[in-house]
Amino acid sequence: MQIIETGNTAAALGVKLARAQVIAAYPITPQTPLTEKLSEFIESGEMQAEYIPVESEHSALAICIAATSAGARSFTATSSNGLLYMHEQIQWAAGARLPLVMCVANRGVGAPWTIWNDHQDSISQRDTGWIQIYANDHQQIIDSVIKAFCLAEEVMVPVMICYDGYILSHTHMPFDVPDSEKVDAFLPPYRPPYALDPADPSNLNTVTMPDGRADVRGDISLGYMEIRHLLQRDMIEAVPALERVEERFQSVFGRGGNPYVEPYRCDDADYIAVSLGSLSYQLHDVVDTLRDEGVRAGVLSVHLYRPFPDRIIAEALNGCSGVVVFEKALSYGYQGPLCSDIKSALYRHAEGRPFVTNYILGLGGREITTQDLYEALKASCFPDGGAGEETRWIGLRFL
Amino acid sequence: MKSDNIEIRWHGRGGQGAITAAKIVAKAMFTSGYTGVVMVPTFGTERRGAPVFTSLKVSREKIYDLSPSKEPDIVVVLDHLLLEEEDITQGLKHDGLVVINSPLAVRSYRFNGSRVAVADVTDLSVKAGLPQGMVNSGIIGSFARAAGLVELDVLLKTIEDEFIGRKPGENSRAAQLCYENTIMGGL
Chain C
1 MQIIETGNTA AALGVKLARA QVIAAYPITP QTPLTEKLSE FIESGEMQAE YIPVESEHSA
61 LAICIAATSA GARSFTATSS NGLLYMHEQI QWAAGARLPL VMCVANRGVG APWTIWNDHQ
121 DSISQRDTGW IQIYANDHQQ IIDSVIKAFC LAEEVMVPVM ICYDGYILSH THMPFDVPDS
181 EKVDAFLPPY RPPYALDPAD PSNLNTVTMP DGRADVRGDI SLGYMEIRHL LQRDMIEAVP
241 ALERVEERFQ SVFGRGGNPY VEPYRCDDAD YIAVSLGSLS YQLHDVVDTL RDEGVRAGVL
301 SVHLYRPFPD RIIAEALNGC SGVVVFEKAL SYGYQGPLCS DIKSALYRHA EGRPFVTNYI
361 LGLGGREITT QDLYEALKAS CFPDGGAGEE TRWIGLRFL
Chain W
1 MKSDNIEIRW HGRGGQGAIT AAKIVAKAMF TSGYTGVVMV PTFGTERRGA PVFTSLKVSR
61 EKIYDLSPSK EPDIVVVLDH LLLEEEDITQ GLKHDGLVVI NSPLAVRSYR FNGSRVAVAD
121 VTDLSVKAGL PQGMVNSGII GSFARAAGLV ELDVLLKTIE DEFIGRKPGE NSRAAQLCYE
181 NTIMGGL
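Heads up: the protein sequence lines correspond to chains C and W, in order.
Per the working numbering, the very first residue in the first sequence carries number 1; after that it's consecutive.
Per the working numbering, the very first residue in the second sequence carries number 1; after that it's consecutive.
Wrong hints could be hidden among the right ones.
As the list claims (entries may be wrong) - The calculated DSS-like cross-link candidates involving lysine-lysine, where the alpha carbons are at most 27 Å apart (straight line), are:
no. : chain 1 : residue 1 : chain 2 : residue 2
1   : C       : Lys-182   : W       : Lys-62
2   : C       : Lys-378   : W       : Lys-62
3   : W       : Lys-157   : W       : Lys-127
Unchecked claim - Listed next, with one range per pair, are the computed distances between beta-carbon atoms:
no. : chain 1 : residue 1 : chain 2 : residue 2 : range
4   : C       : Ala-379   : W       : Met-184   : 43 to 49 Å
5   : C       : Trp-393   : W       : Arg-60    : 32 to 38 Å
6   : C       : Leu-196   : W       : Arg-166   : 44 to 50 Å
7   : W       : Pro-103   : C       : Glu-36    : 19 to 25 Å
8   : C       : Phe-382   : W       : Arg-60    : 30 to 36 Å
9   : W       : Asp-87    : C       : Phe-398   : 51 to 57 Å
10  : C       : Pro-263   : W       : Leu-104   : 51 to 57 Å
11  : C       : Glu-36    : W       : Gly-148   : 55 to 61 Å
12  : W       : Val-154   : C       : Leu-396   : 43 to 49 Å
13  : W       : Pro-103   : C       : Glu-367   : 46 to 52 Å
As the list claims (entries may be wrong) - Just so you have them, the derived chain W footprint on chain C, three or more residues with Cβ under 8 Å:
no. : region
14  : 162-175
15  : 225-236
16  : 278-290
FYI, nobody ran anything at the bench for these hints, they're computed from the structure.
Owing to the predicted nature of the structure, the values given are computational and were not obtained by experimental measurement.
We put the beta carbon where it would ideally sit given N, CA and C, even for glycine.
This is chain C alone, in the form it adopts within the complex:
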């Protein structure tokens, strides 16, 4: 059924369709309407789940960790400083190999205080062992949430679905809400490989020695490093696993097909813009304009950010002479994190070495005009025309 609603509602409907059993969340702008919607669904009986109000984001994720450890399908959502406040539990959820799903309505982080969009919140959680997926529109939000549970439960790694605060979370646009029966067929109930059970008590993730050791039965328990190695192995394995999930989703719902990256006019492109989230779609119109002017430009939207599909990205960029990375986040003291990752992928896999330009923009909700994007991309298409290898900022004023 096609409806016109906000991105937060799209996310909430996805969680409802996925039949999440435990929701624990703390309200924070711009995520709040998502969890409000879920509490309404539960209150009205439309959704059979336990909604646990909490006093902080740290507690929200702690409850989801406990619920998932007990075998329940669990969900939380947050933004910005709320996500940062979860950080310790975020690491824990990944290390404990719990198939949680969390939505992040992306917002800049304080200080200074901001409620508006950029990607610094989720990007700062890049190295925690969570799968990170960025959605560009409401259809991708609702579909990604449903697929996320499937993926998480297959590889036993938690998944973060990220979408732009306000720009997507509060914007209304049409999207299709999948049929409940089809979702049930696609996503069967969660069957945990092990679960906490008061009748059969056990300890999980207790102090683990640097080296492996035999337990009372003589079985070898892995050391910390082996356990962490398995997380890395399974994160890498999540790349092909996501393709399988996508194929199954496509066969049931008839849409999708770009789980890693979404190229637009990249096939014969000399210059390719790369970005995460709704910005990638804004760049579509810019590329169309440049094409009309005879510049062979394209856009590569990166959906899967961790695990980073480096080979796939390098292949998508292969043959172009310039790559222009537009980012709403920064590794302070260096450059945009996506830019570093792209360069690393190209170093390893690309035949030639295209020049790479990096633009930082839209921090704390600074408006990104399509005209600014056009001018920046155009300048980068003519490397002698001004854009160099230095990280540049778009939209800065007063300085």
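Since chain C is already given, all that's left is putting chain W on it; use the hints.
This is chain W only, laid out in the frame that chain C set:
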């Protein structure tokens, strides 16, 4: 950048229902075959009574650029006193259209080269049975009359669906009354 979008900017006051009005028009236009409809509210720290605006873009194709409209084709004003507080015609295209809820005559308004449509939506909505100050369904009727982008019956049906349990008949009647009593002028 795309020129085939129709951009409509809605000016109201926090709590006045400009977002709901834009949402209803979005739904009605989607029903009428506009595949691309995107409604972007002002972001952040709105307060009841403070000026707010929301931007609605419609197109026959999916809309990829969600940035707020800078050069609207149509501006809709839910409270004529906003004209004293804000430059509501900022960026308005030369042959644009301004739809105003106002008790004043249409000849009181002149925006360089734009068409103007006026109805006393506040008064007409009360006549339709709505409480004083509920103008968001009525202004849609004036918009429909002035812009001619969506059929009245599609709009009335969308209004009735949107206001289920909240005076759907009165809201629909307000839109109808305003449709019938919108006076065109300007240029």
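#### Entry: Hint check against the structure, violated hint numbers in rising order
The structure breaks hints 7, 9, 11, 13, 15; every other hint is satisfied.
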